[in-house]
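Engineer: Protein sequence lines, in the order shown, are assigned to chains A and B.
Per my numbering: the first sequence = residues 969 to 1277.
Per my numbering: the second sequence = residues 969 to 1277.
Don't read these hints as lab results, they were simulated from the structure.
Just so we're clear, the structure is a prediction, and the values are computed from it rather than from any experiment.
Treat each hint with caution, since some may be false.
Heads up, simulated DSS-like pairs for lysine-lysine below, C-alpha to C-alpha not over 25 Å straight-line [unchecked claim]:
1) A/K1256 <-> A/K1190
2) B/K1183 <-> A/K1135
3) B/K1095 <-> A/K1144
4) A/K1115 <-> B/K1115
5) B/K1166 <-> A/K1144
6) B/K1166 <-> A/K1253
7) B/K1190 <-> A/K1256
8) A/K1164 <-> B/K1190
9) B/K1166 <-> B/K1190
10) A/K1115 <-> A/K1256
11) A/K1013 <-> A/K997
12) A/K1241 <-> A/K1190
13) B/K1190 <-> A/K1144
14) A/K1115 <-> B/K1095
15) B/K1190 <-> A/K1135
16) A/K1135 <-> B/K1115
17) B/K1135 <-> A/K1145
Protein chains: 2
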Amino acid sequence: MSRYLIGVDIGGTSIKIGCFDLNGYLIEKWDIPTDKSNQGENILKDIAYSIINKVDVQSITGIGFGVPGPVSDGVVLNCVNLGWGQKNVSQEFNRIFPYDYIPVRVSNDANIACAGEVFSGSGKGYKNVVMFTLGTGVGGGILVDGKIVEGLNGVAGELGHMLIDRKYNLPCNCGKKGCTETVASATGIVNLAKLKLKETTQRSLLRQYDNFSAKRVFDMAKQGDEIALQVIDEASDYLAYAMSLVALTLNPELFIIGGGVSNAGDFLLDKIKTRFYPYVGPFIKNQKMVIASLGNDAGMYGAAFLVRP
Amino acid sequence: MSRYLIGVDIGGTSIKIGCFDLNGYLIEKWDIPTDKSNQGENILKDIAYSIINKVDVQSITGIGFGVPGPVSDGVVLNCVNLGWGQKNVSQEFNRIFPYDYIPVRVSNDANIACAGEVFSGSGKGYKNVVMFTLGTGVGGGILVDGKIVEGLNGVAGELGHMLIDRKYNLPCNCGKKGCTETVASATGIVNLAKLKLKETTQRSLLRQYDNFSAKRVFDMAKQGDEIALQVIDEASDYLAYAMSLVALTLNPELFIIGGGVSNAGDFLLDKIKTRFYPYVGPFIKNQKMVIASLGNDAGMYGAAFLVRP
């Protein structure tokens, strides 16, 4: 009989569920809406029913969960986006899904995105990997010796909240100023562009828009727009700097750049690479860096990774 | 029959050798000079003879080495201070010390200092620990899940070379400017003091000396000297900042501060603690931080840790 891994990536809007073979090959995926009513009390029930409806429970080897919040030793410490406070996910899930011989594991979404890329994406086969997920914010995931590093309070890999900028000092949602995500996320790139447009009267294709996305800044930069280029260079520099700090801490085999911003591909990667080496100095010569390949499915793959045999 | 662990800390001037019981209790220690002639070719032979002379070889469970340079997978990549290039220490040692059933392991000196504190010092019992060794330079050692993190090129834990200062931009031996060790090592503290004395005409007890040590700056600061206090505050701030970067990466259970500068004790630790939390923000509330307790013997203990059963 075939055996399956189930990977569940719980987001604030929808829940992605994937059924994988034991090698991390995706067989089927689907998604259900996230019901955040009543502090998200229906979320685990909805997931359990959905799995039971789709998959022969007898064939399930394990179920992994990714959640958008800190996790330590299998306990979710809080998930503002889901309405959850502290929650022992595997215990609660097993109350609804009464097959307690099936292992249930849970980890943070940025961590499992990294694990997913290592399981089946552009980090396949690596064991010491750091991933930066550049989206609305900046998430970080770390694997040491093939295992996710969660840290004491589940906040290992909060690479988006290293304080790295003292020039713009932009406020971060965390309450600090100058965090990586204020200058290197999609939001950060837009922040930098708006500041630069205000700062000078230089011509720029960006001036025709009242509002624009990070993707627009990249597109304009690729077309040679001087302001857009300066912004992408600066964001790349901040990211390269943040990566250098992690590189001198963990000296990983591989950095993976994921999230929406990573769609800029080699255009971004080349800029980061150039700027990385002056920050690490003589200690690291040939740092492997790649763009993530699983897109929004990385978390689902990584959730399955948690319960691989 | 009693069983012993042998810990060998190879320094540029002397080699410390310790004989430990299996729990990391030191039974006897001694040291021999480091013979750096002919690219340090006699070093391993001198160690082998010294061990054979002192200890009943039949009772040795394992021999661990610490070396002042990067190590990856048991291979020393280079050790300028010993005259060594790339060297497979366990292979070479076993050619001289022909008991190849006795395991031989090797790691970097800053890593084993951390491991030593965890084995028998102020980090005893912890598994996720980061140590900053503040001496002439700044060394770093990292344990994740009870294991030393060496990194791909053996440069994990090069925390002294994270670029953290852009105010003074002092040159570092590594070729970069503004590394942690330019502002937070013993040398860095003296650097900062000399700059501050030049910058102002403010009275300071330090002005009576042409040259002074970091210890002197601490002593003057403890006596309330304004300039010395500013220097120690600033160095503590840099160190707290460097620690925040590592904390948001690994979220360790414990930070250990070691090396000569750590003799300043709680005076230093309290200053670091105050400055650490604004840099980490809401992610970490109660970070454990302690002063190392094994002094210069930490490396020897950590070398023994490498071969603990």
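Engineer: Next, verify each hint and record whether it holds.
Structural biologist: Here's how the hints hold up against the structure:
1. A/K1256 <-> A/K1190: Holds, at roughly 24 Å.
2. B/K1183 <-> A/K1135: violated, 34 Å
3. B/K1095 <-> A/K1144: violated, 29 Å
4. A/K1115 <-> B/K1115: Distance ~12 Å between A/K1115 and B/K1115 Cα, so the pair holds.
5. B/K1166 <-> A/K1144: violated, 33 Å
6. B/K1166 <-> A/K1253: violated, 38 Å
7. B/K1190 <-> A/K1256: Answer violated: B/K1190 to A/K1256 is near 47 Å, above 25 Å.
8. A/K1164 <-> B/K1190: violated, 46 Å
9. B/K1166 <-> B/K1190: Holds - the C-alpha atoms of B/K1190 and B/K1166 are around 21 Å apart, at most 25 Å.
10. A/K1115 <-> A/K1256: Measuring from Cα to Cα gives roughly 19 Å; hence the hint holds.
11. A/K1013 <-> A/K997: Judged against 25 Å, a Cα distance of about 18 Å means the pair holds.
12. A/K1241 <-> A/K1190: holds, 17 Å
13. B/K1190 <-> A/K1144: Given pair B/K1190, A/K1144 is violated - Cα atoms ~31 Å apart, limit 25 Å.
14. A/K1115 <-> B/K1095: holds, 15 Å
15. B/K1190 <-> A/K1135: violated, 34 Å
16. A/K1135 <-> B/K1115: With a Cα-Cα distance of about 38 Å, the restraint between A/K1135 and B/K1115 is violated, given a limit of 25 Å.
17. B/K1135 <-> A/K1145: holds, 18 Å
Hint compliance for this structure: hints 2, 3, 5, 6, 7, 8, 13, 15, 16 are not met, and every other hint is.
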